[in-house]
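> Chains A and G are the protein sequences, given in the same order.
Throughout, the numbering used here is defined as the position within the first sequence, counted from one, plus 10.
Throughout, the numbering used here is defined as the position within the second sequence, counted from one, plus 3.
Hints are computed from structural coordinates only; laboratory data are not their basis.
Errors might be hidden in some of the hints.
Simulated DEER-style distance windows between Cβ atoms [as the list claims (entries may be wrong)]:
no.	chain 1	residue 1	chain 2	residue 2	range
1	G	282	A	14	52 to 62 Å
2	G	508	A	428	52 to 62 Å
3	G	93	A	480	28 to 38 Å
4	A	235	G	198	47 to 57 Å
5	A	382	G	513	43 to 53 Å
6	G	185	A	242	23 to 33 Å
7	G	282	A	237	33 to 43 Å
8	G	268	A	11	44 to 54 Å
Selected chain G positions facing chain A (Cβ under 10 Å, derived; list incomplete) [what the hints assert, rightly or not]:
no.	residue
9	102
10	104
11	135
12	136
13	138
14	139
15	148
16	182
17	183
18	186
19	396
20	398
21	399
The structure displayed is predicted, hence computed values, not measured ones.
Here a beta-carbon is modelled for each residue, glycine too, at the ideal position from N, C-alpha and C.
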Amino acid sequence: MVLETEPMPFLPWLAGAADEWWKVVLGLTVLGLLLALLVRAVRYGPVDAVRTVGRGIWTTIVDLTRISPRRVLALAWLARREALHRWVLMAFVLFSLLLLFGAWFLDELSNDPSRLYLAFVLEMSRGLLLLLALVLSVASIPADLAQRTIFTIVTKPVRASELVLGRMLGFWMVGTAMLLFFGIVGYVVVMRGLTHTHEILPTKVESVSDGTGTTGKTGITETTRRHLHNFDIDNEGRGRTTPAQGHWHEVHVEGKGDAAKYVLGPPQGWLQARVPIWGKLRFKDRAGADAAEGVSVGEEWAYRSYIEGGTLATAIWRFEGLRERDFPEGLPLELTIRVFRTYKGDIVSAVQGGLRVRNPETGEVSAERSFPAREFTTDSQFIPRKLFDPEGKPLDLFEDLITPAGAVEIELQCVTPSQYFGMAQPDVYVRARDGSFTLNYVKCYLGIWFQMLMLTAVGVMFSTFLNLPVALLATIGTLLGGYKLDYIRELTSPQMVGGGPVEQIVRLFTRMNQTTKFEEGTQRNVIMMIDDALRWIFTRLTHVLPDFGALSDSSFVADGFDIPAARVLEHGVSALAFIVPVFIAGYLMFRTREVAR
Amino acid sequence: MRGRQQFIRKIVYLAVLAGLLLPLSWLSQPASVEAGGARQPGGKLAQLRDDYSLSQARLGEIDPVSETMKLATLGMRGPAANLLWGKALHYQKIKDFTSLSATLEQITKLQPNFIRVWIFQGWNLSYNVSVDFDDYRDRYYWVIRGIRFTQEGLEYNRDEPTLLREVGRVISRKMGQSDEHVQFRKLFRADDDFHGARSMSERDSWRVGKEWFERCVKVIEDTGRQPKGSMETQEASPLMYLSEAPLCQLYYASTIEEEGTFGGAARAAWAEAEQDWDVYGERDIPVGTGTTVKLGEANYRFYIDRVNELLRRLAELAPGLRERLQAERVASLSPEERAALEANHTQRSPAQNELAAKAFQKLGVTHVNVAEALEPGPKRNEALKVAVDATNYEVWKAEVEFHRTTVNYGYWHLRCEAEQEPEALEAHELIYRAIAAHREVELEKAAELYLAGFQKWAELLNKEVSGVKKYQPLVDDGITGEQMVADIRKYRACLKQLDTTFPENFPLEQIIKLHDQEAQLQPTSDRPTDEDPTPAAE
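From just these sequences and the hints, can you work out the full model?
What follows is the structure in structure tokens.
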């Protein structure tokens, strides 16, 4: 799968995230306090400002520390009932309808239907749930204010913090129920959608012999769902089909002679949750010297770099922490490399690659093992326990090639001259074990759940001081900004081709080429100044906006990789770290409303 | 009173409303089919929709999914389609082809009647996405995906000639002329899913492509709709699209011989190609000048003969007059003009070039100039008429010649005839067997077969039909020449492996002299080069 950022262990991530978090929170708090002091001071003088703000801080601490769970739950229950009245059930109906007829929208000729189904179900769940959260969260308080039903609550001994938290909690309860429904129904749809079998006609089965006698049978299945498989069966009547559309089937024979019936098992290879051990990638150039990265073959997306075939260019992965008891038979290595041909050459034959295993401490290396490169598919290369060195001396994987600390290097070369192999760090990994697909699916929905929690909190926060349309726009803006955070960071980068926003606008309307330099002068200085200010603002904004894209793990599930527990933990901590300040901000904003006094 | 006035006013409004229902019904009544099958055309708007093929039912299949998606965008179909295009480009960039094809499906649901979507993305899948895969089987899969994508467009845009042509183009060209054409043609033949009930014998990529081109031409003839060219705003040239089906047959005949089909089957294929080419030549093809041309041999011969006849008549009417006028004009040139004309054109100065151009124009003696130079009288009148006719016929002949050259009509016609000759059929078979023997390292046998094949080619090229070496023009032609040079190079490699020099009096020496660009196959060379190819093993 594609991982453009290297996953970090949880604790180092937490340290870095906490460092940034407290700086942002502190900065916003100080900014808020200064603003409050300034506004108050202008109206009532500095003494009054200090006194009022001080009192406000004390009230806030009291309100936040004396929240009554009972009252919060009561308000949450009220919010839940309100949500049900607001046609939230329609979302259930809509989701069910979309799933029932989802096949209409899917590409029936897809070469990877499991990926397509999973991506469809997960993305639709996310989209619908976030839409629901958006509508529910922004409409509640403004509607209460407009209809004056808020007075029935604020006249009760309810704290403003409890009111805001109760709303959030109520909508969270509704969203969670929705998500459970989406998750279960989606799971059933995926399972049913992918389950299929093929008929095998006896007329399409042939015996295979090798001169000494029949060694088995070979045949071809009938076409189902726009694909078919070839298969081989041994003399005991058991076998397997070739892969197609990312899956294969077990085959067995029932009965004998003319009454023999060929039975296909359910599809396998779909709906996996591989638990990988990632390595660290480094390169050697064509002369064998260390290189920072491989070569570029001119692709626009620079995720992968390439090594040249027929030279000393090598891609080396270093794996750590490999234990003998985990891999007693050998290392299950998996590759998803790319091939780039500088000339077509032998079209029928694949480009050849070579793999070696090296002990990073002793330098002991195994003999090169050749393999034909296979693109756009996971190529399994099992490294057995017993190997040989280039002179033919037997080697043991763990005793000779893996260090006592569990480190080993896997060297990959392209053998065919003038052709190239492309790789990124996650493209080669050790398949430690297979996790549970169902659990992985649940973990993915947890990510969606966290997104829903965050968006609901934002919506309720905005609704405490904005009217409905403006709160809706602000929340939508937050959602879009959260998903396009990488794009915003790219725009604020000083290396952005064409300059900042104002410069780009000027270039657009004057039809100036992006690489043409502006003439020195006042105009250029003014444009640069404004752009610098805008960059500063947007950069600060990227620290505040929630990174919804990072919470989305559908690519893990669709590509068949286990979502690491550390990642789920990171999502949870991120969500909590976002929600708490947003709740406090919402509470403070609500307190400024006259109705809350 | 006021209440009564309001009441009356309401009655009047109701009456006006009722009255307006009549013209409304005349305008908007939908078309329907009654029990018994009789079709009611409906109101004026329904009839106009029918006449201009604007209604979805007339355009093609009514797709509830497409209609639902269009409605769901709440009027923002354009921005939604834009977003999807951006996503499609992103997925292609990161080579997530599963998501790319899914996104294309969504785009076409939003814009099912935008032809350029189907054409561009079908081509994109077949030509750009396919080459990203290393395994030729994967490449084939994506070429077929692109073809199917374009075919799907026809379900929404029934009988759209641009789409029909595009399907034919990709099937014929990509399967038949790409680097992987050998492998693609095999896979195409074995592709039951694509062909359905089509028999194995009809599963040749050129033949299937030809079917699609013929379907396109039939739609054009039946409906008058023209296919679009590479630009949305221009129509495709009839000269080109009418030639595509016959060319497929030509390439089919050529390809099956390369693949080892000879004798009667090959001859029949070439005969069909000749017939198709003749039919194409007999069509009145509209060209850019607003006229029509016929490319056929008979028509072209007619213009040649007519021009010759008229020029002969003019010469009879004004014997020697053209030469005299020419001499007078040369004499009238200034010394500078004469010097400019006589100078080597590569060594002229810009001023001399200008002078030379003007002088050249002055020297041109037209047929009308010749006629006008005669004394007034009936002879002059006749000469003028002949001169005007000759000028016109020369213009028409040039037009036919130009368009014949565009599609290489003359070459292919002659080639069709030549390939049906027994010498050609034998030559192909001998060369094929020679290549097979060479691949099996039966070098002496291969050398013998190569030479026998080249001798047959020489016999064909020197063959006289009605006292004329009819197929000599093929010697000059680059297509034939290059194909023969490629086989000669294989022969050369075989001789090199036998450590034998090239034979003297090689039967195709003329071909080598005319088409061997690198001069490495000079038969008098003692040392073979290292660059001659050995046929690759299949």
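> Decide, hint by hint, whether the structure agrees.
To see whether the hints hold, each was checked on the structure:
no.	hint	result
1	G:282 - A:14: 52 to 62 Å	holds, 58 Å
2	G:508 - A:428: 52 to 62 Å	violated, 41 Å
3	G:93 - A:480: 28 to 38 Å	holds, 32 Å
4	A:235 - G:198: 47 to 57 Å	violated, 19 Å
5	A:382 - G:513: 43 to 53 Å	holds, 47 Å
6	G:185 - A:242: 23 to 33 Å	holds, 27 Å
7	G:282 - A:237: 33 to 43 Å	holds, 41 Å
8	G:268 - A:11: 44 to 54 Å	holds, 51 Å
9	102	holds, 7 Å
10	104	holds, 5 Å
11	135	holds, 8 Å
12	136	holds, 6 Å
13	138	holds, 7 Å
14	139	holds, 5 Å
15	148	holds, 6 Å
16	182	holds, 5 Å
17	183	holds, 5 Å
18	186	holds, 6 Å
19	396	violated, 50 Å
20	398	violated, 45 Å
21	399	violated, 46 Å
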